[in-house]
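Protein chains: 2
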Amino acid sequence: MSWTMARRAERLNPSTIREILKITERPGIISLAGGLPSADSFPVAAMAEATARVLRDTPREALQYAASEGYAPLRAWVAAQMQLQGLQVDADQVLITTGSQQGLDLVGKVLIDPGSTVAVESPTYLGALQAFNPYEADFVAVEGDDEGPLPAGLDAARDARFLYLLPNFQNPSGRCLSADRRLALADKALAIGLPVVEDNPYGDLWFDAPPPPPISARLGAQAVYLGSFSKVLAPGLRLGYVVAPKLLYPKLLQAKQAADLHTPGFNQRVVHEVIKDGFLDRHVPTIRARYQAQRDAMRAALDAHMPAGCRWNVPVGGMFFWVTLPPQLDATALLPLAVEAGMAYVPGAPFFADSGGHANTLRLSFVTVPPAQIATGVAALAGVLRRALA
Amino acid sequence: MSWTMARRAERLNPSTIREILKITERPGIISLAGGLPSADSFPVAAMAEATARVLRDTPREALQYAASEGYAPLRAWVAAQMQLQGLQVDADQVLITTGSQQGLDLVGKVLIDPGSTVAVESPTYLGALQAFNPYEADFVAVEGDDEGPLPAGLDAARDARFLYLLPNFQNPSGRCLSADRRLALADKALAIGLPVVEDNPYGDLWFDAPPPPPISARLGAQAVYLGSFSKVLAPGLRLGYVVAPKLLYPKLLQAKQAADLHTPGFNQRVVHEVIKDGFLDRHVPTIRARYQAQRDAMRAALDAHMPAGCRWNVPVGGMFFWVTLPPQLDATALLPLAVEAGMAYVPGAPFFADSGGHANTLRLSFVTVPPAQIATGVAALAGVLRRALA
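One line per chain: the protein sequences are A and B, in this order.
Numbers in this note's numbering are just positions in the first sequence, counted from 1, shifted up by 3.
Numbers in this note's numbering are just positions in the second sequence, counted from 1, shifted up by 3.
Incorrect hints may have been included.
Identical chains share a label here; the pair holds if one copy fits it or two copies do between them.
Unchecked claim - Once the Cα atoms are required to be at most 25 Å apart in a straight line, the calculated SDA-like pairs of lysine to any residue come out as: (1) LYS25 x TYR252; (2) LYS191 x ASP141; (3) LYS249 x ASP299; (4) LYS279 x ASP333; (5) LYS25 x ALA70; (6) LYS279 x ARG59; (7) LYS279 x ARG63; (8) LYS249 x GLU13; (9) LYS279 x ALA55; (10) LYS191 x PRO373; (11) LYS279 x ALA51; (12) LYS279 x TYR68; (13) LYS191 x ARG389; (14) LYS191 x TRP6; (15) LYS25 x ALA296; (16) LYS279 x GLY312; (17) LYS25 x LEU283; (18) LYS191 x GLU150; (19) LYS25 x ASP93; (20) LYS249 x MET8; (21) LYS25 x LEU250; (22) LYS279 x ALA79; (23) LYS25 x ALA75; (24) LYS25 x ALA79.
Just so you know, the hints here were simulated from the structure itself, not pulled from any lab data.
Given the structure is predicted, the values throughout are model-derived calculations rather than measurements.
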């Protein structure tokens, strides 16, 4: 028996978050850890109607092999949405993916050579690091401030294959880039010829006002844009999309063919059937209202319970609070105590490409459990922190 | 604008078959090209009942994020099936994938370094070449005879990362390895420490007798086994699985997480709901009977129409005839004439890892269209060949 693994396999490691999720699936644990959308928001009745219609009207097409590009009406729907956001794209540039995570994998496959550089925010989305890592990227964390990456910070990324950016209600920081910062970053990227991969899973989850237009709208063919149906419909369908410049599209498509031939046609047709007549215009506001109330509950609980020396943002959309603890606390070390106290969070350290430091940060999701449990969970966390500080 | 592609992107190329499929989707063309299962075989009523039940009984679980390993009851079902086939495996070794194609991609990602060798049959499954190619494998085609790869041929593959083998009703050759050949190959692989990746999408589609046991049953921890629900239920669900030794499983799982987090939980639960009570024991025999009748129709049409000098196998299961034309004919060059004559096939050359020669081979699928169209399509092909020979 002589299996020899590829060198890149050394870069594949257990997902911290998914390992934590397993622990927190124990009954009785209030999980503020995973970014699981509220199951109360899933449009079950609409899904049931749509699946019945698809299996009644087009069963042979829905259950057969299908085009790697995706279901044409769904691609057209995505292109129309992009145009509303100011992107000059047509349906031929839309590639339907098996969740937005697959878009990250395909981007990595097509663009990252071993030892090439990828520029990321600090912190950045852990799933992107995991997708890019096996292609043996070197990461450069772009210097930033409270409003996001600094345009001048891109100078250190001149040689990068691309800048990976999550401008709306970022996972994990909750940060939303201002319109000015977007423009400044886009102009700097254009000036130095730095391509941008813009990831936008949370953009529709705004509370008081929509976020500024995507940075891709200004970058044109210098941007790849990733979107998802996971947060506005349901993640268990695994449906996302990549919008790519015509130069890159054929290679992304071929990588997609090699990866899984195509995203389940059944799922694509069901989702198109659900959304084609404006369903999301009615449905997404209900998710926003739910999450805003839960954001308010978490904010109130943090204000009420957290010990002095802890800081956090107040997100204006999305799913996450980002908490900075007093510097002597280590969120990874404290997690077992939190679980013992009946709650769970995600330590912040794995979200940083530069692995040193950041031990005193953690991410709290306010979307998975309802307000009363949020309050109980935050109070339990605060208790753990107080005892650790004592 | 300065996109730089990864070196591996040079190895990503348009899928010959999928490009042909696009041409052959024109109305009026009888396609014997793609390996599309007969849509008449899709269990639409069972699917409709199962989706309704899943969305009624467990909508929150079916639509939520789920474990990367797959839905536990489906993994247990797969393990039980494997045990019936003589594999000593448990459910912990089963990884549910987004179609069997994803299993090939994950295997490539974890096992292939640039410049490392992968041993393949000659011809071999084109989708496997496409999955392994971006990881920059060098291929070695194992010497074989009419019964498949020769054990002595494995000597040339001693340094390979693995041997990729499709023993049952191979795509494209239709060939089924005998029990003796399997044992001889397994013993040779064990003797020289050559791991085997066994792909079995077609094994259930036997006509007169089931194929011999999987080669993995003898190889134990020296084998990875890939299976699929595409040919026994429906390909549009994109549901397959990898059964891996415990040494490899964690890396394949982490590659899976990075690739798409998990296969749609909705699809996994629907399929489990369909199959859990022995549905396949009743359903698959109807597919076998259908395909056997269509195999007979194609065999009769080939016997009746094909010009002298053409040879073909008679498959005892699966989906394909493999036709060798007189040496002066080039199947790729003749394809446009065949399409003009109203039919389509897949040229054989792309199925060979050593790209020289083999221009006078082609693959015919007998599963997509019913017997009358098979007869018309083969007659049209024969007419094209006769004119080319004249």
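Check your understanding: Between the shortest in-copy and the shortest cross-copy C-alpha distance, which are at most 25 Å for LYS25 and ALA70: within, between, both, or neither?
Key -> Result: close only across copies, 9 Å inter versus 35 Å intra.
State whether the alpha carbon distance between LYS191 and TRP6 is at most 25 Å within one copy, between copies, both, or neither.
Between copies only: 16 Å across chains, 47 Å inside a chain, cut-off 25 Å.
- prompt: How would you label the pair LYS249, GLU13 (within, between, both, or neither) given a Cα cut-off of 25 Å?
  reply: between (34 Å within a copy, 17 Å between copies)
Intra- versus inter-copy proximity for TYR252 and LYS25 (alpha-carbon distance at most 25 Å): Between copies, since 18 Å is at most 25 Å while 37 Å is not.
Review point. Are the CA atoms of LYS279 and ALA51 at most 25 Å apart within a copy, between copies, both, or neither?
Key: Classified as both; 15 Å inside a copy, 21 Å across copies.
Quiz item: What label fits LYS25 with ALA79 when the C-alpha limit is 25 Å: within, between, both, or neither?
Solution: So LYS25 and ALA79 pass the 25 Å test across copies only (19 Å; inside, 38 Å).
Given identical chains, is LYS25 near LEU283, meaning Cα to Cα at most 25 Å, within a copy, between copies, both, or neither? neither (31 Å within a copy, 32 Å between copies)
| query | Between the shortest in-copy and the shortest cross-copy C-alpha distance, which are at most 25 Å for LYS25 and ALA75: within, between, both, or neither? | reply | between (37 Å within a copy, 13 Å between copies)
*Between copies, within a copy, both or neither: which fits LYS191 and ASP141 at Cα up to 25 Å?*
Only inside one copy: LYS191 and ASP141 sit 22 Å apart there, 41 Å across copies, limit 25 Å.
Task: Identical-chain pair category, LYS279 with TYR68, by Cα at 25 Å - done: both (22 Å within a copy, 24 Å between copies)
- When no copy is named, should LYS279 and ARG63 be tagged within, between, both, or neither for a Cα gap of at most 25 Å? Both: 20 Å inside a chain and 23 Å across chains, each within 25 Å.
Go through the copies and call it for LYS191 and GLU150: within, between, both or neither, with a Cα cutoff of 25 Å.
-> within (16 Å within a copy, 62 Å between copies)
The structure fails to meet hints 3, 4, 10, 13, 15, 16, 17 from the earlier list, while all remaining hints are met.
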